[in-house]
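Enquirer: First to last, the sequence lines map onto chains P and V. Residue numbers for the first sequence follow UniProt numbering, so the first one is 1 and each next one is one higher. Residue numbers for the second sequence follow UniProt numbering, so the first one is 1 and each next one is one higher.
Watch out, some of these pointers could steer you wrong.
Since the list gives no way to pick one copy over another, a pair counts as held whenever it fits inside one copy or between any two copies.
25 Å max Cα-Cα, derived BS3-like pairs, lysine-lysine [as the list claims (entries may be wrong)]:
1) K32 - K186
2) K2 - K207
3) K127 - K4
4) K187 - K67
5) K67 - K23
6) K4 - K135
7) K92 - K127
8) K23 - K43
9) K67 - K92
Calculated from the structure, these hints are not laboratory results.
One-letter residues, chain by chain:
There are 2 protein chains.
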Amino acid sequence: MKPKLSIVKIGGNVIENEAELHKFLDFFSELKGAKILVHGGGKLATQIADQLGITSQMVGGRRITDKESLKVITMVYGGLANKNIVAQLQAKGTNAIGLSGADGNTIQAVKRPVKEIDYGFAGDVEKVNTAAIEKLLKADFTPVFCAITHNNQGQLLNTNADTIASEIAIGMSGVFETTLYYCFEKKGVLLDISDENSVVTHIEPKKYQELLQNNIIADGMLPKLENCFHALNQQVNKVCIGDISMLQPSSTLYTTITL
Amino acid sequence: MKPKLSIVKIGGNVIENEAELHKFLDFFSELKGAKILVHGGGKLATQIADQLGITSQMVGGRRITDKESLKVITMVYGGLANKNIVAQLQAKGTNAIGLSGADGNTIQAVKRPVKEIDYGFAGDVEKVNTAAIEKLLKADFTPVFCAITHNNQGQLLNTNADTIASEIAIGMSGVFETTLYYCFEKKGVLLDISDENSVVTHIEPKKYQELLQNNIIADGMLPKLENCFHALNQQVNKVCIGDISMLQPSSTLYTTITL
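With the sequences and hints as input, model every part of the structure.
Expert: Next comes the structure, spelled out in structure tokens:
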């Protein structure tokens, strides 16, 4: 039987709220077994960029990463957010080690080709170095990835944290029984958007089609769910979507997605 | 026989000059055997702090690290400088992994006690986790340390890069035959400050006393040399001081210090 591995992704809404982050890191520390954390930090970067007088250009919710924006992202994701999370996890007894995809050549990406839009220094994941990540896990480190990769030619690249999390989960599924957790601001996929507790607790392909047809899954939820099924179709065991409380063993109110 | 380990420290003068950094990273990549890089980045931090409207207070060449300055240092040392160095080393075929002292709990420090001056979030190294660093070296990673430690209670601390380098060298000397390299802007200890090539190529304790008496070693050189002998007295095999070219096998014009 394969050993278990949890890959947990948190977004900006957790990182920017000190109390929420603290609570999350407690839950993450208490999580049993091998684990990996992936974090974004978008709003914090925008805030520092504003202070530096750098305008963050966004197209369809995606940042255009010019040279100056990449600097800010490298400072905020790789430095400020990552090192503070690592220090706090260490204080909670989790042997965290902070990484970008350049560190240990863990995640190699390619600069997104310019089509209609030039996203600048944005990276599309090409290869997860599962051997390197496995070495770190075996040495009892808990990797904490920020949303930065590299092209192995010296260029750092801003990369979507959801994608990093799913690609790591996919890569590690050869060796581990993987569960991918997406923590966001809601308790899961909601039947009724105005009712926080109307969580669909289990989605499999048939249910997914049904939810799609009834327009329950739309807008921002659609790419999220597509990403989940992409991971499941590539051997990830289980994907869970919910707020940070889903990491607690007693929690039941979140969405589990399986094939 | 113990395996060899090189610990190389570079200062701000190398990091801030792109061409110089590139050249240094080539030399570092070509260095044979196990190796560790330690970098500062002081001037770059001051520059970003200025842009953010944060005044860097310095006393006797040391930064007073208030909460806002620590933020900048975490961004610049841990993020901008560290991740770019790591990405460039990876491109040169060196399997670099960027670390602060919080990562893998590699370097624990204590917040400097307030005496006449309150240095703020400045750390004095308490313990180098040699087992963790050895694990990384054995797994074929090349650690790249920025000048940040932690107190293992969630607090990051700004820490002198020279000290980090010597403390790592001292800690690793139990297992490795260590050479500590301090790269700075001069070719070594100079007999005549106005003659770049008047390098004292070898210093041992007797020569050191002689140089002290003749006022050859004074000002900024004094604490540097004290730091070197401190390391040598704690089992570090050899300390070398010079500019980046001393890492080249063909180089002879630099200062070697031994007991």
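Enquirer: Hint by hint, note whether the structure agrees.
Expert: Hint by hint, here is what the structure shows:
no.	hint	result
1	K32 - K186	within (24 Å within a copy, 52 Å between copies)
2	K2 - K207	neither (28 Å within a copy, 62 Å between copies)
3	K127 - K4	within (22 Å within a copy, 33 Å between copies)
4	K187 - K67	neither (37 Å within a copy, 34 Å between copies)
5	K67 - K23	between (35 Å within a copy, 22 Å between copies)
6	K4 - K135	both (15 Å within a copy, 23 Å between copies)
7	K92 - K127	between (32 Å within a copy, 18 Å between copies)
8	K23 - K43	within (20 Å within a copy, 36 Å between copies)
9	K67 - K92	between (36 Å within a copy, 22 Å between copies)
Of the hints listed earlier, those the structure fails to meet are numbers 2, 4, in rising order.
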